[in-house]
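Remember, the working numbering sits 12 above the position in the sequence shown when you count from 1.
Possibly wrong hints are sitting among the right ones.
Below, a list of computed lysine to any residue pairs in the SDA-like style, where the Cα atoms sit at most 25 Å apart [what the hints assert, rightly or not]:
id: 1; residue 1: K197; residue 2: L211
id: 2; residue 1: K65; residue 2: D83
id: 3; residue 1: K199; residue 2: E178
id: 4; residue 1: K149; residue 2: Q196
id: 5; residue 1: K96; residue 2: S86
id: 6; residue 1: K149; residue 2: L114
id: 7; residue 1: K25; residue 2: V229
id: 8; residue 1: K143; residue 2: A123
id: 9; residue 1: K47; residue 2: G33
id: 10; residue 1: K172; residue 2: G192
id: 11; residue 1: K215; residue 2: T62
id: 12; residue 1: K215; residue 2: Q184
id: 13; residue 1: K65; residue 2: E84
id: 14; residue 1: K96; residue 2: G130
id: 15; residue 1: K143; residue 2: S112
id: 16; residue 1: K199; residue 2: P46
id: 17; residue 1: K47; residue 2: M202
id: 18; residue 1: K72; residue 2: I85
id: 19; residue 1: K215; residue 2: N20
id: 20; residue 1: K92; residue 2: F132
id: 21; residue 1: K149; residue 2: E181
id: 22; residue 1: K96; residue 2: G57
Distance windows between CB atoms, simulated [what the hints assert, rightly or not]:
id: 23; residue 1: R55; residue 2: G130; range: 38 to 44 Å
id: 24; residue 1: H110; residue 2: S34; range: 34 to 40 Å
id: 25; residue 1: E201; residue 2: G33; range: 40 to 46 Å
id: 26; residue 1: E137; residue 2: N239; range: 35 to 41 Å
id: 27; residue 1: V249; residue 2: S34; range: 19 to 25 Å
id: 28; residue 1: Y30; residue 2: R87; range: 14 to 20 Å
id: 29; residue 1: P46; residue 2: H110; range: 34 to 40 Å
id: 30; residue 1: Q241; residue 2: H110; range: 44 to 50 Å
id: 31; residue 1: K118; residue 2: V230; range: 38 to 44 Å
id: 32; residue 1: E240; residue 2: E147; range: 45 to 51 Å
id: 33; residue 1: G39; residue 2: K149; range: 41 to 47 Å
id: 34; residue 1: P90; residue 2: K118; range: 15 to 21 Å
id: 35; residue 1: P45; residue 2: K149; range: 37 to 43 Å
Calculated directly from the structure, the hints in this document are not laboratory data. These numbers were taken from a predicted model, which means no experiment stands behind them. The C-beta atom is built at its ideal place from N, Cα and C for all residues, glycine as well.
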Amino acid sequence: MSTANASNTLEVKNLDVYYSGSRILRGMGLQVPPKQVVCLMGRNGVGKTTTLKSIMGLVKLSRGSVNLAGDEISRLSPDKRARKGIGYVPQGRDIFPHLSVLENLKIAQVACGHKPNGQFERVYELFPVLKEMLERKGGVLSGGQQQQLAIGRALLTQPKLLILDEPTEGIQPNIIDQIGETIQKLKGEMSILLVEQYLDFAKALGDIFYIMDRGAVVAHGPIAGLNEQVIREHLTV
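Using the sequences plus the hints, can you model the full thing?
Below is the structure:
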């Protein structure tokens, strides 16, 4: 049943999450409009990754709702959320190191029950290096190549919403540029929720920003509003 504004790809309201008795998210909320990049920002430890895990169903909510394209999904398991249309690239990438690049990619498609109809070629078009390394084990790839594999794997789930948790972390500059170009291309195809510490990267790609502190949003608006005063107040360490 539709319980939220279907004009937003994602609508998150009033999320509360506790870890070991400590309140990590405090009424957290955000919206991701169709075919826009929303940047979720904040200093370390403010609850950004927990927010993403809450959206994906990887942590238990004490309160709140998660709606995807107007459908309430907060009671669904992570695999069912993926099938509903969320592609998730976690911090650390979580590829299967002992499987080949091709096996890593195939797992995503099989898990979501999709039949191959051109998505593999789209991934190879976005990340040509993957096509050259199909038989290599995931664990021998560089960090940047693993990140490309993780994003490619998520795209094979045919998401409405792509969630990226710090995709530039520990990545060499030329791969950061390639990932940025890929996100720019994908903007016309899907909505993207991006957690990113690299300010220039976020400002170049984002349409909307949300800044978190102590488990809640403390500032948000169009990316043009991410000025020096906001950065100094909420992001500078």
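Do the hints match the structure? See the list:
no.: 1; hint: K197 / L211; verdict: holds (20 Å)
no.: 2; hint: K65 / D83; verdict: holds (18 Å)
no.: 3; hint: K199 / E178; verdict: holds (17 Å)
no.: 4; hint: K149 / Q196; verdict: violated (28 Å)
no.: 5; hint: K96 / S86; verdict: holds (12 Å)
no.: 6; hint: K149 / L114; verdict: holds (9 Å)
no.: 7; hint: K25 / V229; verdict: holds (11 Å)
no.: 8; hint: K143 / A123; verdict: holds (21 Å)
no.: 9; hint: K47 / G33; verdict: violated (37 Å)
no.: 10; hint: K172 / G192; verdict: holds (19 Å)
no.: 11; hint: K215 / T62; verdict: holds (23 Å)
no.: 12; hint: K215 / Q184; verdict: holds (19 Å)
no.: 13; hint: K65 / E84; verdict: holds (16 Å)
no.: 14; hint: K96 / G130; verdict: holds (20 Å)
no.: 15; hint: K143 / S112; verdict: holds (12 Å)
no.: 16; hint: K199 / P46; verdict: holds (9 Å)
no.: 17; hint: K47 / M202; verdict: holds (5 Å)
no.: 18; hint: K72 / I85; verdict: holds (13 Å)
no.: 19; hint: K215 / N20; verdict: holds (21 Å)
no.: 20; hint: K92 / F132; verdict: holds (22 Å)
no.: 21; hint: K149 / E181; verdict: holds (21 Å)
no.: 22; hint: K96 / G57; verdict: violated (29 Å)
no.: 23; hint: R55 / G130: 38 to 44 Å; verdict: holds (41 Å)
no.: 24; hint: H110 / S34: 34 to 40 Å; verdict: holds (36 Å)
no.: 25; hint: E201 / G33: 40 to 46 Å; verdict: holds (42 Å)
no.: 26; hint: E137 / N239: 35 to 41 Å; verdict: holds (36 Å)
no.: 27; hint: V249 / S34: 19 to 25 Å; verdict: holds (22 Å)
no.: 28; hint: Y30 / R87: 14 to 20 Å; verdict: holds (18 Å)
no.: 29; hint: P46 / H110: 34 to 40 Å; verdict: holds (38 Å)
no.: 30; hint: Q241 / H110: 44 to 50 Å; verdict: holds (49 Å)
no.: 31; hint: K118 / V230: 38 to 44 Å; verdict: holds (42 Å)
no.: 32; hint: E240 / E147: 45 to 51 Å; verdict: holds (49 Å)
no.: 33; hint: G39 / K149: 41 to 47 Å; verdict: holds (44 Å)
no.: 34; hint: P90 / K118: 15 to 21 Å; verdict: holds (19 Å)
no.: 35; hint: P45 / K149: 37 to 43 Å; verdict: holds (39 Å)
Checked against the numbered hints given earlier, the structure breaks hints 4, 9, 22 and satisfies all the rest.
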